[in-house]
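Engineer: Quick mapping for you: the protein sequence lines, in order, are chains A and B. The first sequence begins at 1 in our numbering and counts up one residue at a time. The second sequence begins at 326 in our numbering and counts up one residue at a time.
Some hints here could point you the wrong way.
[Unchecked claim] With a Cα cut of at most 30 Å, we get these calculated DSS-like pairs of lysine-lysine:
| # | chain 1 | residue 1 | chain 2 | residue 2 |
| --- | --- | --- | --- | --- |
| 1 | B | K379 | A | K42 |
| 2 | A | K180 | A | K116 |
| 3 | A | K137 | A | K159 |
| 4 | B | K389 | A | K159 |
| 5 | A | K60 | A | K42 |
| 6 | A | K105 | B | K379 |
| 7 | A | K60 | B | K430 |
| 8 | A | K42 | A | K67 |
| 9 | B | K379 | A | K37 |
| 10 | A | K42 | B | K430 |
| 11 | B | K441 | B | K468 |
| 12 | B | K389 | A | K60 |
| 13 | B | K376 | A | K60 |
| 14 | B | K389 | A | K154 |
| 15 | A | K60 | A | K128 |
| 16 | B | K354 | A | K168 |
| 17 | A | K105 | A | K128 |
[What the hints assert, rightly or not] Beyond 12 Å from chain B on every Cβ pair, some chain A residues (computed):
| # | residue |
| --- | --- |
| 18 | E49 |
| 19 | E53 |
| 20 | E56 |
| 21 | V120 |
| 22 | T167 |
| 23 | T179 |
| 24 | L283 |
| 25 | M298 |
| 26 | F313 |
Derived by calculation from the structure, the hints in this document are not laboratory data. Owing to the predicted nature of the structure, the values given are computational and were not obtained by experimental measurement. Idealized CB from N, CA, C, for every residue including glycine.
The residues making up each chain are set out below.
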Amino acid sequence: MTNNINNYSKLNIDNIKYSNFTQSLLEEALRVELIDKNGIEKIQIQIMETLSECMEFYTKGESSSLKSETVNELLSAILFNIDVYFISLNNIPYSFELLCNMQSKELYYKGTTQLKAYLVEAVGLYAKVKRSSIETKNKAYNQVIFYSIPDFLKSYDIKFDSHTSITKLNYQLSNSNNTKGIIDVISYLKNLYYENSYCRLFNQDDILKIYNTYCDSNDLTYEDIFLNIYELVFINSLFCELANKASRSLILNKKDCIYLQKKFENLSDLKIEQEILLAVDRLYDEKAYLLKTTNKLMSNILNAIKNNALDTFLVITPENYIYVD
Amino acid sequence: MSNLINIMDMQKTLQINNLYNEIINLNDKSSERGLFLTEEDVYDLVETQTKSLKDNERIEFGGKTVTNLIEKFYTSTFMSPSNYAQNLNELLETFYYFKTEFNDKISDKDLFELMKELFDESCFGSIELLQGRDLEIILRYMKNGETDYMHLKPEDNYNAKPDTEPDEEYIL
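Isolated chain A (complex conformation):
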């Protein structure tokens, strides 16, 4: 089943989904006739044999049959482990060669080995996230860092349930990736670590102050609000920068708001966007994540400026605001 390297150029990479790598690779290979139905059947049989073996391990040899639901989960875990191995190779033609020529059981075990390394990476990242966490009353944030993630890492089942994503990530991050299993958690931890690190650049009392002001002005309780703290910090820090306030400022008052509204009054959207991107550039050395957040929020920012609504878009601390813990 060895294929000429030139044939691989027919594969459309856009049709190969990272979240379902093996299946979509096979579908694409079938579409461009790199493989025929007999070749597919050979791979299918091998995967089913791996599944059959997995069922035996799963039941410790005590049951020959299992509920369909359980078997489907086991199959998803096998395919996910194979996906993980292929994605780690970062070479689609080579992955396809292996899929055709290597036993699927072997591919599954290679994925398992890769997942063990990811688990170690996730544990290390989690330690960094925990160390960098900010003090807040936000329940979702604390729940994720102190309970959901460590519980998931402790119980993560590489062999039989590797594809399952953590279900209790109630704290929504500014940017997220559509992945599965431990890869999803690693991506979440990397992003959360970045968000924590950014928040750590600012005075923690100021963060508390804008968080509480936001909750008070929207009549929300400090504990139960579903809010991304980093976004709140980012927006205020960005507009402090645009208002030429001292570096690492977060607190904006009414006067700052009026100044900012005037500053952008007669500027075109393009010009405002340029100003904002220049300010983002000055905020922090590691810019990729900030730029993603900026792109996500840009239309909201422009709308707030156009509609003269910066005072509701930003967190404006009243002059006489007294923070009570």
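Chain B: place on chain A using the hints.
Structural biologist: Then chain B, alone, in the frame of chain A:
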């Protein structure tokens, strides 16, 4: 799970490949007791397995359950050439039904043992009694949290076990 790697398609292929021969080979043993499955009986048994798996939303690769069932039951004194094939079909249905109802908390080996013991000792070869009375009672036992259901004996009067615990006011 859609697309090219689909369990339902593959299950049948893997199942049919060797199962017929394995079942036919067991005739060597059972024929010593005058029990024999024809080719048609074997097809029926495989069909019953496929249907029972589907009805109980279960998946099995290969035919281990069928061969284990035959190995366990051909020695029963209640098996005769006239009822052998039909009994095996009904016992197979019973097995998958209770395996599912027991929520997979009982191993294949234990369930076969339990079925055989009840079939021979308290049901006197009646599958109707096995399904509708004895296994149901044991299932109820298990759902009430009893774990030692493997060692229940008819003489323990286990079928007198109530559905639920009596109300506190009736306990002296």
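Engineer: Each hint needs a verdict: does it hold in this structure or not?
Structural biologist: Status of each hint after checking the structure:
| no. | hint | verdict |
| --- | --- | --- |
| 1 | B:K379 to A:K42 | 25 Å, holds |
| 2 | A:K180 to A:K116 | 15 Å, holds |
| 3 | A:K137 to A:K159 | 37 Å, violated |
| 4 | B:K389 to A:K159 | 24 Å, holds |
| 5 | A:K60 to A:K42 | 27 Å, holds |
| 6 | A:K105 to B:K379 | 27 Å, holds |
| 7 | A:K60 to B:K430 | 12 Å, holds |
| 8 | A:K42 to A:K67 | 25 Å, holds |
| 9 | B:K379 to A:K37 | 26 Å, holds |
| 10 | A:K42 to B:K430 | 34 Å, violated |
| 11 | B:K441 to B:K468 | 21 Å, holds |
| 12 | B:K389 to A:K60 | 15 Å, holds |
| 13 | B:K376 to A:K60 | 26 Å, holds |
| 14 | B:K389 to A:K154 | 35 Å, violated |
| 15 | A:K60 to A:K128 | 37 Å, violated |
| 16 | B:K354 to A:K168 | 56 Å, violated |
| 17 | A:K105 to A:K128 | 35 Å, violated |
| 18 | E49 | 8 Å, violated |
| 19 | E53 | 9 Å, violated |
| 20 | E56 | 9 Å, violated |
| 21 | V120 | 29 Å, holds |
| 22 | T167 | 20 Å, holds |
| 23 | T179 | 18 Å, holds |
| 24 | L283 | 45 Å, holds |
| 25 | M298 | 37 Å, holds |
| 26 | F313 | 44 Å, holds |
Hint compliance for this structure: hints 3, 10, 14, 15, 16, 17, 18, 19 and 20 are not met, and every other hint is.
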